[in-house]
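Number of protein chains: 2
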Amino acid sequence: MADTGWPGCAKSLKGVILDLCGVLYDSGEGDGVAITGSIEAVKKLKASDLQLRFCTNETQATRDKFVAKLQRLGFDICVSEVFPPAPAAIAVLKERRLRPHLLVHDGLLPEFDSVDKTNPNCVIIGDAAEHFSYQNLNEAFRVLIGLEKPVLFSLGQGRYYKETDGLKLDVGVYMKALEYACDLKAEVIGKPSTTFFQSVLNDMGLQPHEALMIGDDLLNDVGGAQHCGMKGVQVRTGKYRPSDEMHPTVTADGTVDNLAQAVDMILNQRGQ
Amino acid sequence: MADTGWPGCAKSLKGVILDLCGVLYDSGEGDGVAITGSIEAVKKLKASDLQLRFCTNETQATRDKFVAKLQRLGFDICVSEVFPPAPAAIAVLKERRLRPHLLVHDGLLPEFDSVDKTNPNCVIIGDAAEHFSYQNLNEAFRVLIGLEKPVLFSLGQGRYYKETDGLKLDVGVYMKALEYACDLKAEVIGKPSTTFFQSVLNDMGLQPHEALMIGDDLLNDVGGAQHCGMKGVQVRTGKYRPSDEMHPTVTADGTVDNLAQAVDMILNQRGQ
Numbered sequence: 008m009a010d011t012g013w014p015g016c017a018k019s020l021k022g023v024i025l026d027l028c029g030v031l032y033d034s035g036e037g038d039g040v041a042i043t044g045s046i047e048a049v050k051k052l053k054a055s056d057l058q059l060r061f062c063t064n065e066t067q068a069t070r071d072k073f074v075a076k077l078q079r080l081g082f083d084i085c086v087s088e089v090f091p092p093a094p095a096a097i098a099v100l101k102e103r104r105l106r107p108h109l110l111v112h113d114g115l116l117p118e119f120d121s122v123d124k125t126n127p128n129c130v131i132i133g134d135a136a137e138h139f140s141y142q143n144l145n146e147a148f149r150v151l152i153g154l155e156k157p158v159l160f161s162l163g164q165g166r167y168y169k170e171t172d173g174l175k176l177d178v179g180v181y182m183k184a185l186e187y188a189c190d191l192k193a194e195v196i197g198k199p200s201t202t203f204f205q206s207v208l209n210d211m212g213l214q215p216h217e218a219l220m221i222g223d224d225l226l227n228d229v230g231g232a233q234h235c236g237m238k239g240v241q242v243r244t245g246k247y248r249p250s251d252e253m254h255p256t257v258t259a260d261g262t263v264d265n266l267a268q269a270v271d272m273i274l275n276q277r278g279q
Numbered sequence: 008m009a010d011t012g013w014p015g016c017a018k019s020l021k022g023v024i025l026d027l028c029g030v031l032y033d034s035g036e037g038d039g040v041a042i043t044g045s046i047e048a049v050k051k052l053k054a055s056d057l058q059l060r061f062c063t064n065e066t067q068a069t070r071d072k073f074v075a076k077l078q079r080l081g082f083d084i085c086v087s088e089v090f091p092p093a094p095a096a097i098a099v100l101k102e103r104r105l106r107p108h109l110l111v112h113d114g115l116l117p118e119f120d121s122v123d124k125t126n127p128n129c130v131i132i133g134d135a136a137e138h139f140s141y142q143n144l145n146e147a148f149r150v151l152i153g154l155e156k157p158v159l160f161s162l163g164q165g166r167y168y169k170e171t172d173g174l175k176l177d178v179g180v181y182m183k184a185l186e187y188a189c190d191l192k193a194e195v196i197g198k199p200s201t202t203f204f205q206s207v208l209n210d211m212g213l214q215p216h217e218a219l220m221i222g223d224d225l226l227n228d229v230g231g232a233q234h235c236g237m238k239g240v241q242v243r244t245g246k247y248r249p250s251d252e253m254h255p256t257v258t259a260d261g262t263v264d265n266l267a268q269a270v271d272m273i274l275n276q277r278g279q
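Sequence lines, in order, name chains A and B.
Under the numbering used here, residues 8 to 279 are what the first sequence spells out, in order.
Under the numbering used here, residues 8 to 279 are what the second sequence spells out, in order.
Because the hints were derived from the structure by calculation, they are not lab data.
It cannot be assumed that every hint is accurate.
Identical copies look the same in the list; a pair holds intra-copy or inter-copy alike.
[As the list claims (entries may be wrong)] Derived BS3-like pairs: lysine-lysine, alpha-carbon spacing no greater than 30 Å straight-line:
(1) Lys192 / Lys156
(2) Lys192 / Lys169
(3) Lys50 / Lys124
(4) Lys156 / Lys169
(5) Lys156 / Lys53
(6) Lys76 / Lys124
(7) Lys53 / Lys124
For reference, chain A alone in the conformation it holds in the complex (with noise of 0.2 Å):
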């Protein structure tokens, strides 16, 4: 019978999946910093015969500058392994015919370049950082008080992340905010949406089973990947904290000190 648990599943995969701020690097003054030890896992996964891809909620830079920082910080890595919210955003705008009111970093707008923002019917948040100002949240409530129906789209729903100097206040906790200030429900495009997770399975052609995830946050990489019904290990780097360990409701199939131990028991298992 296969071995279904931390490490021993690690013999039946065929794919893994990597968080990036957190897990490769701790974002923060200029590209920020990679983690001990997380190049050389890079590069370990891309030699042996694991299908590897990234699958991140950042949305402070274009997908294109966003892979250009992490290739400067000495990661072997390329644009089509790397999935943010942001390209899946502009496809269901698409889709649905939808024209968005950004609440976003400077950084992302680029991608939203040829989208069309003329009055606007649904309102987009990102990690905008020092841009959620009181101006601008109240700007973004008012497109969609103003609505018929108002349509709310949040890329990811973290509640914070580390840099490196200090936790930080991430997307989900402004998208708590305008869902109460509208009595409205956010469609979250990024993790833990299970939609997210596929569109990466799919890329990779593997199913949910035959992949691992590894992140640094508990409820959105781990318990995310698990609800899609692939393995989820945590980190215990970036946005880790302690009692993540004694989550009431998440609990990770594996815990380890860092990236590089991980790939290091994967492997071993392996027999690589």
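Following the hints, complete the assembly by docking chain B onto the known chain A.
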């Protein structure tokens, strides 16, 4: 049998409680503007045999400055008749020996002059308006997430209010944001808290069924008062929206065009 419906119930009333912003005046540049007929309506209530109190979630100024503003607008009103959340919050801090980190409007800070704010072990948020910056919200978040037992007080839980230049997000929106970020439940001080309404009733020496609340906020004024056992009448001024009259869970005992109309109906029923 006594008429318990509106406006018949006015015959047996002993006191009236008025919300301020959106009922007496619309806030905005400078002192804002009095709502048509409201100055005269307050005069009429004062000349009647009804007790009168003002119950507000106003937290942008100290009670003294706030009342002075209302007097400048032409209202016959004095400090002891006005019940805002900040003095109630200070009583709770003293009782529970808590030291707050404050995320409130600059105008409210003097109210907390006598309060020990060193090494904070709770957070108080009020309607901080422009002070609800990303940086300030992060700061409040970091205080909370660093506490073993995080305690968040919210001075009211309103969604939005109307100023002369449009709708503005209220403190409740940021309360929900911090609740989600820290996975906690805030303690609300102010409307619609039953404790808060009860303190006003105690001051009048009345039972809930002897008093009527008039406000523009269906949930916090009308719903809160009803939950406490009072009648609640909504005015079609301030933040009123036509959809309030079809709300799934809260139905006002009466809906009137403005305070002037409400007062005329009350005094008419009482033959005054």
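Checked hints:
1. Lys192 / Lys156: both (12 Å within a copy, 29 Å between copies)
2. Lys192 / Lys169: Answer is both; intra-copy 26 Å and inter-copy 23 Å each pass.
3. Lys50 / Lys124: neither (41 Å within a copy, 51 Å between copies)
4. Lys156 / Lys169: between (35 Å within a copy, 21 Å between copies)
5. Lys156 / Lys53: The answer is neither: 46 Å in one copy and 44 Å across copies each exceed 30 Å.
6. Lys76 / Lys124: within (28 Å within a copy, 42 Å between copies)
7. Lys53 / Lys124: Neither. Shortest intra-copy (40 Å) and inter-copy (53 Å) distances fail the 30 Å Cα cut-off.
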